[in-house]
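A.B. asks: Here is how the chains run, residue by residue.
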Amino acid sequence: MEEVKVKEVLRIEGLHKRFGALVVLDDVNFDICQGEFICALGPSGCGKTTILRIIAQLAHLDEGRIFIHGNEQITDGYLDDLSVVFQESRLLYWRTVEENVKLALELKRGRVSDRDEVVVSKALSMVGLLDFADAFPHELSGGMKQRAALARALVTEPSILLMDEPLTGLDLRTREDLQDEILRIWKEWDMTAIFVTHDPLEAIYMADRIIVLSDRPTKVKEVLRVSLNRPRNRDDHRIKELEKYIRDLFGYKKLE
Amino acid sequence: MRAKIFYSVFAISAFLVLWFVISGYYNSPLFPGPVETAYSFFSILATPDGWYQIGVTCYRVFVGTLLGSCVGALCGILPRYSKMAEYTVRSVVYPLFESIPSLCWVLIFVVWFGLSDMTPILAITAAVIPFFIINLWEGVKELDESLIEMAHTCTRNRLRILRKVIMPMLYPYAFSAFKTSFEVAWKVVILGEVFGAACGIGYMLWISYEVYAIEYVFAWTLCCAIIIIVFDYGLFNYIDRRYMRRWKR
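Chains as they are written, first to last, in the numbering used here: chain H, 9 to 264; chain L, 45 to 293.
Heads up, some of the hints might be wrong.
[What the hints assert, rightly or not] Partial pick of chain H residues on the chain L-facing surface, computed with a CB cut under 10 Å:
1) Q65
2) L90
3) V92
4) T104
5) L113
6) R242
[What the hints assert, rightly or not] Reference listing, derived: stretches of chain L covered by chain H, where coverage requires no fewer than 3 residues with Cβ under 8 Å from a Cβ of chain H:
7) 189 to 197
8) 203 to 209
Calculated from the structure, these hints are not laboratory results.
Glycine included, each C-beta is placed from N, C-alpha and C at the ideal position.
Between the sequences and the hints, there should be enough to build the whole structure, so can you do that?
C.D. replies: In structure tokens:
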């Protein structure tokens with residue numbers, strides 16, 4: 009299989025993770041290239057979130073190595089390059105949307121300047137929340153909260169965006185809107201994205217490659233390349249075929 | 045609204061009339077009525093010395109509460125970061141300040157510091173520390189860890205996370221600690237000044253009592269009550285409405 013040589017951003021080798029006697033990750037390997045959109049797909053309760061948490065330095069790995077830009081040493085600047093969007097929006101309830109977005113800058117740099125107002129506005133307009141800059145999180149709908157969380161992740165202009173089932177729990181319409189929005193931003197900003205999901209359709213619609221994970225203890229079952237042109241059509245029969253293929257991979261076990 | 049005001053005015057007038065009638069019935073200098081009390085009260089306010097005594101007491105309440113809030117907040121938050129601190133606070137600091145009556149502190153401080161500002165101030169500090177500890181403990185227990193985790197994906201600087209994410213989550217708890225502490229501080233400061241100071245409202249109460257000027261005892265008591273009411277209903281209510289609204293989800 010011929011492949012264009014692209015710059016590797018992240019490589020994960022032999023990842024093992026245990027919680028007590030429970031083996032969550034058992035020898036997980038994969039790599040991610042510059043500008044790629046990767047979906048980690050697996051049944052609920054498998055270790056896909058754990059993988060993301062390890063990459064974001066929120067959990068320690070028991071064994072294995074992570075290379076970032078080919079470098080194993082994880083430096084202090086590591087987090088500057090990376091942003092996380094969680095399943096819940098995790099907005100500070102005492103801050104307005106704008107102040108929440110600004111928080112990421114305050115935490116990363118310790119101080120914000122007047123110039124950053126422009127950056128914050130840009131991130132807000134990117135996700136279409138400029139009119140809600142002064143709203144408080146409890147005044148927003150679920151989809152808008154995730155938009156705000158996305159703006160907070162984008163404001164630091166990361167090169168890697170980690171998303172942990174960010175659209176789970178939203179209604180279908182909002183989900184599809186946000187899928188398109190995330191893809192648009194990913195393309196425009198030339199980021200590398202890792203998107204965790206348990207929905208095969210979502211993975212197929214969004215990803216360049218899907219890392220299909222098995223049930224616990226989690227291994228990489230298969231890495232699927234989705235070679236459909238973008239923008240993709242949700243009604244494309246090839247998407248349905250791929251979905252059937254993935255569902256068959258898991259047998260009759262339901263993914264949800 | 046109008047009915048509310050009417051009932052309040054009615055209740056207050058009824059109280060004053062009752063007071064007036066009973067004191068009139070006994071007609072003794074040991075039970076001054078509202079008129080004598082009001083007369084003494086305004087004669088206190090008419091002299092610069094009266095204001096000075098009120099000022100001194102307010103100053104002690106302020107400094108004592110502030111000191112207590114610093115120590116108490118530290119004892120409330122540090123256990124989050126260190127097991128050693130947790131057990132020190134749990135088994136020594138909190139029981140110590142919680143269990144010792146304010147009067148004991150006052151007597152001990154009189155022995156050490158004599159009649160000075162230090163005695164009432166430190167007595168207040170000792171009295172309010174447990175309120176800050178217990179409120180902030182509660183706050184630390186209720187911290188939303190998911191927000192802290194989110195902050196950890198942005199920075200490794202723990203101090204920044206403390207300042208920007210953790211402390212704001214504790215503000216409502218600190219505020220309610222301040223409210224309770226303020227009321228306690230007013231009770232303790234009088235005690236401290238009766239035994240351990242040479243000026244202030246408590247001292248004036250003591251002097252008035254010594255010379256059997258009961259109408260002045262009543263007047264100084266009225267001073268205390270008015271100050272507490274003004275702060276509690278006025279200042280704290282204002283801060284609550286103006287600044288704490290953001291924290292109410």
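A.B. asks: Run every hint past the structure and note whether it holds.
C.D. replies: Here is what the structure says about each hint:
The interface hint given for Q65 (chain H) is met, as the beta carbon of that residue sits about 8 Å from the closest beta carbon of chain L, less than 10 Å. A hinted interface residue such as L90 (chain H) counts as satisfied when its beta carbon comes closer than 10 Å to some beta carbon of chain L; here the least separation is about 7 Å, so the hint holds. A hinted interface residue such as V92 (chain H) counts as satisfied when its beta carbon comes closer than 10 Å to some beta carbon of chain L; here the least separation is about 4 Å, so the hint holds. Taking 10 Å as the C-beta cut-off, the interface hint given for T104 (chain H) holds, the closest approach to chain L being about 9 Å.
With a least beta-carbon distance of about 9 Å to chain L, the hint placing L113 (chain H) at the interface is held under the 10 Å criterion. Nearest Cβ of chain L to the Cβ of R242 (chain H): about 31 Å, over the 10 Å cut. The hint is violated. Note: the region 189 to 197 of chain L has 7 residues with beta-carbon separation from chain H under 8 Å; the three-residue rule is met and the coverage holds. Coverage of the region 203 to 209 of chain L by chain H holds in this model, with 4 residues showing a Cβ closer than 8 Å to a Cβ of that chain against a need of three.
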